[in-house]
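K.L.:
Since chain V is already given, all that's left is putting chain U on it; use the hints.
Number of protein chains: 2
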Amino acid sequence: MPDILHRVGIAAEPMRVFHALTTVEGIRHWWNETIQGDASEGAAFQFGSNRLEVVQADPSLVTWRYSGPAKAWEPTEITFRLEWRDVQTIVLFKQGGCSEPVEFMHHCSTKWATFLLSLKDYVEKGEGRPEPSRDMKITIDG
Amino acid sequence: MPDILHRVGIAAEPMRVFHALTTVEGIRHWWNETIQGDASEGAAFQFGSNRLEVVQADPSLVTWRYSGPAKAWEPTEITFRLEWRDVQTIVLFKQGGCSEPVEFMHHCSTKWATFLLSLKDYVEKGEGRPEPSRDMKITIDG
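Those protein sequences? They're chains V and U, same order as listed.
Residues 1 to 142 in the numbering used here are what the first sequence lists, from first letter to last.
Residues 1 to 142 in the numbering used here are what the second sequence lists, from first letter to last.
In isolation and in its complexed conformation, chain V is listed as follows (with noise of 0.2 Å):
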């Protein structure tokens, strides 16, 4: 059962990434500018038709749960990992569960690089890169 792994390093407190990761505003920065919903721990968002649940918001560890529609995504986890580094807080992203390593899986692998980047971006320059307008295209089609 494959993961996706990342990590960046991010040069503010981590109470930062995490208001960035847990609020709907902050992730319309960095992800989605569509979310809808709540991003606090027991509530779900969504853009589309895409549902996250959040199992988990707790400083040093956020939790997402992927809870439909698309298939090649269900059941998956989502977690970000922070931890206060000297001069950067280092956020370990893992998306786990997925259950074949599908060309889908490749695209989501890069795609979660672009938008960690963009969460960098956000929290430490105030602009990130969210779709569907203004993020990082790794194809033709996105």
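Derived from the structure by calculation, the hints contain no laboratory data.
Some hints here could point you the wrong way.
Which copy is meant is left open, so a pair is good if it fits within one copy or across any two.
[Unchecked claim] For lysine-lysine, the following BS3-like pairs were computed, each having C-alpha atoms within a straight-line distance of at most 30 Å:
#, residue 1, residue 2
1, K125, K71
2, K94, K125
3, K94, K71
4, K137, K71
5, K137, K94
6, K137, K125
None of these values were measured; they are calculated from a predicted model.
P.N.:
For chain U alone, coordinates are given in the frame of chain V:
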């Protein structure tokens, strides 16, 4: 045994991508400026003390084997599958054979995404972002 998977689509014919993957001059423009050696099939190239053997260099599949000295990467194979689809060359990347999902693997996964986007920029626009001086920084340290 976790793998690092990525996908990019490059708006250029496969032979241009193949050239960027199988010549030292090409690799210097998107991965590492200090690469020395020969990147054709059966040969090997180096950067710093790291050595990669070119196991296969077919127009649809390029395979490198890392042969040291970093233990965290050994034994590992890096493959690039190239497939032309209408308007772009789809590159499916895999670094397999990492023994454990350690933090270094999270780092390598994100860093590979930036180098594949660098490969895309180099082939499409003539300018990549190779390390050590022009790579996209994902942490304070590199």
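K.L.:
With identical chains, the pair K125 and K71 could be close in the same copy or across copies; at 30 Å between alpha carbons, which is it: within, between, both, or neither?
P.N.:
Answer is neither; intra-copy 35 Å and inter-copy 36 Å both fail.
K.L.:
Given a CA cutoff of 30 Å, do K137 and K94 count as a within-copy pair, a between-copy pair, both, or neither?
P.N.:
Cα proximity of K137 and K94: in one copy and across copies (21 Å, 20 Å).
K.L.:
Is it within, between, both or neither when you check K137 against K125 at 30 Å Cα-Cα?
P.N.:
both (21 Å within a copy, 14 Å between copies)
K.L.:
Within a copy, between copies, both or neither: where do K94 and K71 come within 30 Å Cα-Cα?
P.N.:
both (18 Å within a copy, 23 Å between copies)
K.L.:
Between K137 and K71, at a C-alpha cutoff of 30 Å, which is it: within one copy, between copies, both, or neither?
P.N.:
Intra 23 Å, inter 34 Å, cutoff 30 Å: intra-copy only.
K.L.:
One pair to classify: K94 and K125, alpha carbons no more than 30 Å apart. Within, between, both, or neither?
P.N.:
within (24 Å within a copy, 32 Å between copies)
Hint 1 from the list above is the single one not met by this structure.
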